[in-house]
Amino acid sequence: MMYLIISLVADQIGEGYVILLTGLLIVFCALLILSVFFKYGLPVMLFVYKIITKGKDKKITDIKISADKEFTGEIAAVISTAIYLHLQEKHDEESAILTIKQAIKQYSPWSSKIYGTHHRRL
Amino acid sequence: MKKIIIIFGVLSLLIFIRPLLGFNSDAKPDKDITLVTTQEETNQEEGVMTNAFHGIQEFYNYTGFANATLGHILMILIGIIFIYLGIKFDYEPLLLIPIGAGVIIGNIPFVAGNQTGIYETGSVLNYLYFGVVKGVYPPLIFLGIGAMTDFSSLIANPKLMLLGAAAQIGVFATFLGALYLGFALPEAGAIGIIGGADGPTAIFLSSKLANGINILPDGTTVKNLIGPIAIAAYSYMALVPVIQPPIMRLLISKEDRKIRMKPPRAVTQKEKMIFPVVALLLTTFISPSALPLLGMLFFGNLLKESGRTERLADTARTKLIDIVTILLGVTVGASTQADIFITKDSMMIFGLGAISFVIATMGGLLFAKLMNLFLKGDNRINPLIGASGVSAVPDSARVVHAEGLKADPNNYLLMHAMAPNVSGVIGSAIAAGILLSFLA
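As given, the protein sequences belong to chains R and U, one line each in that order. Residue numbering for the first sequence follows this note's numbering, starting at 1 and increasing by one per position. Residue numbering for the second sequence follows this note's numbering, starting at 1 and increasing by one per position.
Simulated from the structure, these hints should not be mistaken for lab results. In this text the structure is predicted, and so the values were computed from the model without any measurement. Don't take every hint at face value.
To be verified - Listed below are several chain R residues computed to face chain U (Cβ distance under 10 Å; list not exhaustive):
id, residue
1, Gly23
2, Lys39
3, Leu42
4, Met45
5, Thr72
6, Ala76
7, Ile83
8, Tyr84
9, Leu85
10, Glu89
11, Trp110
12, Tyr115
The beta carbon of each residue, even a glycine, is placed where N, CA and C say it ideally should be.
One chain only, chain U, in its complex shape (with noise of 0.2 Å):
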C-alpha cells in the first residue's frame, strides 16, 4: 500500500506541478546563439584580469549550472527515483536502472552545438539511439527472449494460447483512447501499444509510426513519441506487481482464485522443435508486419530446442540479450530530454498507460472467467491466470502465482501462467504487426 502511495504521489506530483512551472514543449530560449557571439566579442585590447574573468564566466555559462533548467532537475529527479525504485523494491531492477541512468545522462544541461546531446546529429549518444530509432534493438531482445522462452506449458494446453489474446483488447481499448484524445492515428497506434505490456514491442512499433519523420496524410509530421511511451511501457512493466493484484481481486471470487488446474503434460522434444517453426509460419503469414519480432523470437526458439545450436542460444540469451538491453535502456532514457520529454502528450501517453494496462489485465481475467463456463471438472482453469496474458515475462506470472498462493498456499500457479504469459508476448507482435499494416 505503501509503495502505490509512493508511486502515485509521485506521478500526480509531476502532473500538477507542470502547469505551475510553466513547461511549455518547444519554449527553449536561444541560449546557444547569443553564447557564441558573446565568445566572438571578447576584447582582446583589455586587461589579462578581465579576460580570465571573461574566460571564467564562459566556462561558466557552458555549465550545467547556467543552463540547467527546472525541467531538467525535475527529470533528473525521475532518473533517481526510477534508480531507487530499481534497487530499493526490486522492480526490474534490469530495466529500471539503466534506464534510470540514462534519464540522468540525457538530462545534464549542456550548451547544444558541440554533439553532445542524443538528438544532435553526430553525437555518441546519437549513434546508440539509432538502434532505437530504426528500431533495431527490439528484434535483438526477441532472439534472446526466444532463446530464453520454454515453450512447452504452452503446448501442453494450447487452449490457454486464447488468454494472451484476449488481454491485447487493452491495445485496442487504449489505441481508441488516443484517438479520442486528439492523437493522429500513427501516433494513436503507438501508443496503444503501451497496453501490450512489452518493452521491445512498444519500442518496435513506436519507432515506425510515431518516429517525428512519417508524413501524415494532411502534411504534417507526426510527433516522436519514442521516448515517452517507451518510459511508460516499461515503468508500467515494472509496475505490474502494484498494478495486478488488486484487479484480480477486484474481479475473481475467492472460490475461483482457488481452483487446482491439473499439472500439464510433459511436452516432448519433436514438439518443442516443431512449435517455433510452425508458430513462425503460421503468425507471420497472417500479420507479416511483425516478421522483425516474430521471426527473430522463434528463430531464438529453435536455437533453444534444436539441441544442436546450444552455443548460439547462449549467447543469444546471456551475452547478447545483455548487451542489447544495456544499450536500449540507456539511450531510451536519455532520449527524455527535458525540452523534448515534459509536454502535454507525455503525460497524456502516461495516464493512457496506466488505463491500458488496467483494461488488458482485466481483458484476461475475464476472458478466463468466460473460458471456464465451457470448461467442465478438471480441465477448468484458475481464472487468475487470465492476467499474465498481458506480456511482461515473466512478472506478471510471478504475480498470479504469489497471488493464487495467498487463496491456497499449495495451488502453484507458475507454470499454468507462463503459458498464457508467453502467448501474450506472441499476442502483442501479431497486435503491432496489425497496427503497422493499418497505419505506417
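Isolated chain R, as found in the complex (with noise of 0.2 Å):
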C-alpha cells in the first residue's frame, strides 16, 4: 500500500524511495537465498550426489561436508601458507650483481696461449 502511494507521487525523490526499499530487499533477498542454500540446500546435493555415484548412505546425517571436525579452515591456510613459503623459498636467488674483478694470480692455464704467442713467460 505505502509503495502505491510513494509511486503516485511522481516526482523523483519517491521515485527514488521506491527504489531504495525495493533495491535493498532484493539484495537482502538474493544474499539471504544464496547463504540459506549453503546452509541446508548443498548438504542436500551433496547427498543425492553420493545416492546417484554410490546408492550408499541413505541418511543426510551420515553425509559429513565437515569431514574433520578437528580440522579447521585456520589449520588448512597454515599449512598452505607453510607451503607456499617453502615453495617460494626454493627458488635459488641470484644477487645480478656480476662480479669481473682482476684474478689475484697472474698466469692462468685457461689463457696459457696467449703467453706463447707473445714469447713470454711470466
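Build the complex from these two chains, which are given one at a time in their own frames, with help from the hints.
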C-alpha cells in the first residue's frame, strides 16, 4: 500500500525511495537465498550426488560436509602458507651483480696460449 | 592522523579554491579556431626573419605553456598527489599510480582538433577509453577477481553473506542523497554505486547510466559522470584504511572488539566447485542486469576451482587483469580533463562518495551488532567484520584484521572478514544490476 502511495507521487524523490526500498530488499533477498542454500541446500545436493554415484548412505546425517571437526580452516591456512613460503624459498635467488674482477694470480691455464704468442713467460 | 589532515586538507583546499579561480564547466575559449585562422594568414611577402618569428610564435601557441589554464595545473597537481599517495603510503599503488599518471596525461594542455585528447574521436586515448565508455573493462577485471578469490570462508559460514548485503545500504542512501542534491535519476544511480566501494562496478554502472549519451525522459541528455565517479570510487577505496577505523572505534565497544570467532570449518573441493555455478544461477536470475559482472566473476572462480583449467585461471588472475588494470587506470585518469572534470557536479560527487563510504561501513557494523543479538555463545560474530561488507577487496578485510589485532593481539580476524568482503562484491554487483534495471 505504501509503495502505491509513493509511486503515485510521481516526483523523482518518491521514485528514489521506491528504488531504495525495493533495491535493498532485493539485495538482501538475493544474498539470503544464497546463504540459505549453502546452509541447507548444499548438504542435500551432496547427499543426492552420493546416492547417484554410490547408492549407499541413505541418511542425510551420514554425509559429513565437514570431513574432520579437528581440521579447521585455520589449520588449512597455516599449512598452505607454510607450503607457499617453502616453495617461494626453494627458488635460488642470485644477486644479479656481476663480479668481474682481476684474477689475483697472473698466470692461468685458461689463457696459457696467449703467453705463447707473446713469446714471454711469467 | 597526519595522513587524514593531509588528505582532507587537500580536498577542502580544492573545493574552496575552485570558485576563487572562477572555473566554470563550459567556459572554454575558442582558442583553436583563432589559431587556425592565424595560420592561414601568414604573409608570404614578409622577410625570412619575420616568418621565422611567426613560426616560433605559432609553435609556442601549440605548446602546453600557451594553452595551460589553472584547471590543467590543478589537475596535474592532483595527479602528482595520487602518485605520491600510492608510493609514500602504499594506498592501493596498483590503482593510484596508473590513475595518477593518467590524470597527468589527460591534463597536458593541447590545441584541440589534432586527435590528441581522450574526448576527440579517433585519438589513441579515445580508442582505449572505449573500453571504459562501453563497460568492457569492468567484466574483464571481475573475471580476474573471480579467479583470485577463495570463497571458502563464505561457504563455511554462509550467514556472513548478509553483512555484504547490509553494507549496500551505502549505495541506496547515496542514491537518495544525490537525488536530493538535484541529480537526475540515472545520474543519482551511478553516483550511488560509489557506496559499493567497487571500482569496476562503479565504472560499469556509470558507463551505462551517466555516459553523456542517454536521453532523459524530459528530453535532455544525461551528464557524463564516468570520470568523477570512477576517481571518487577509487580514491575512497584507497582511503579505506583512513576512513574505516574511526567509525569502527566509534560504533563497536571494546568488549565486542575482543570477541573471538570459532575457526571456520574446512570446505571440501566439491563445495567450492558447486559454489560458482549455483551462485551464478541464483544471483543472475534475481538480477539479470548484473550478468556481465557476476557472470564473469563466477566464471573466473569456476576456472580456479574446477582444478582442470589452472592455465586459464592463472592467466585471468595475473596477466589479463594486469593488462586491463593498466588500461583502465590510465584511461580513467586521463578522462579527468580539466575542462570536463572540474565542475560543481564533481565536487558534489566527491562529497557524496565520502558520505556513502561512511554509511556503508556503519550499515555493515550495525547489522553485525544486530546479528549478534540472535547468536549465542560460540556462534557470535565479531562486529568489526561488518565493516568489510563494503567490498574494497581485500583492503577492508585487512583493516578489520588490523583493528582486531589492536584490541586483542591474538585475535586473527582476516579469514572471517574475507567472507563479508567477497559477499560485498557480489552484493554491490547485484545492487548495480538492480539500479540498472530500474533506471536504464
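Checklist line | Indices of hints not satisfied (ascending) | finding: 7, 8, 9, 10, 11, 12
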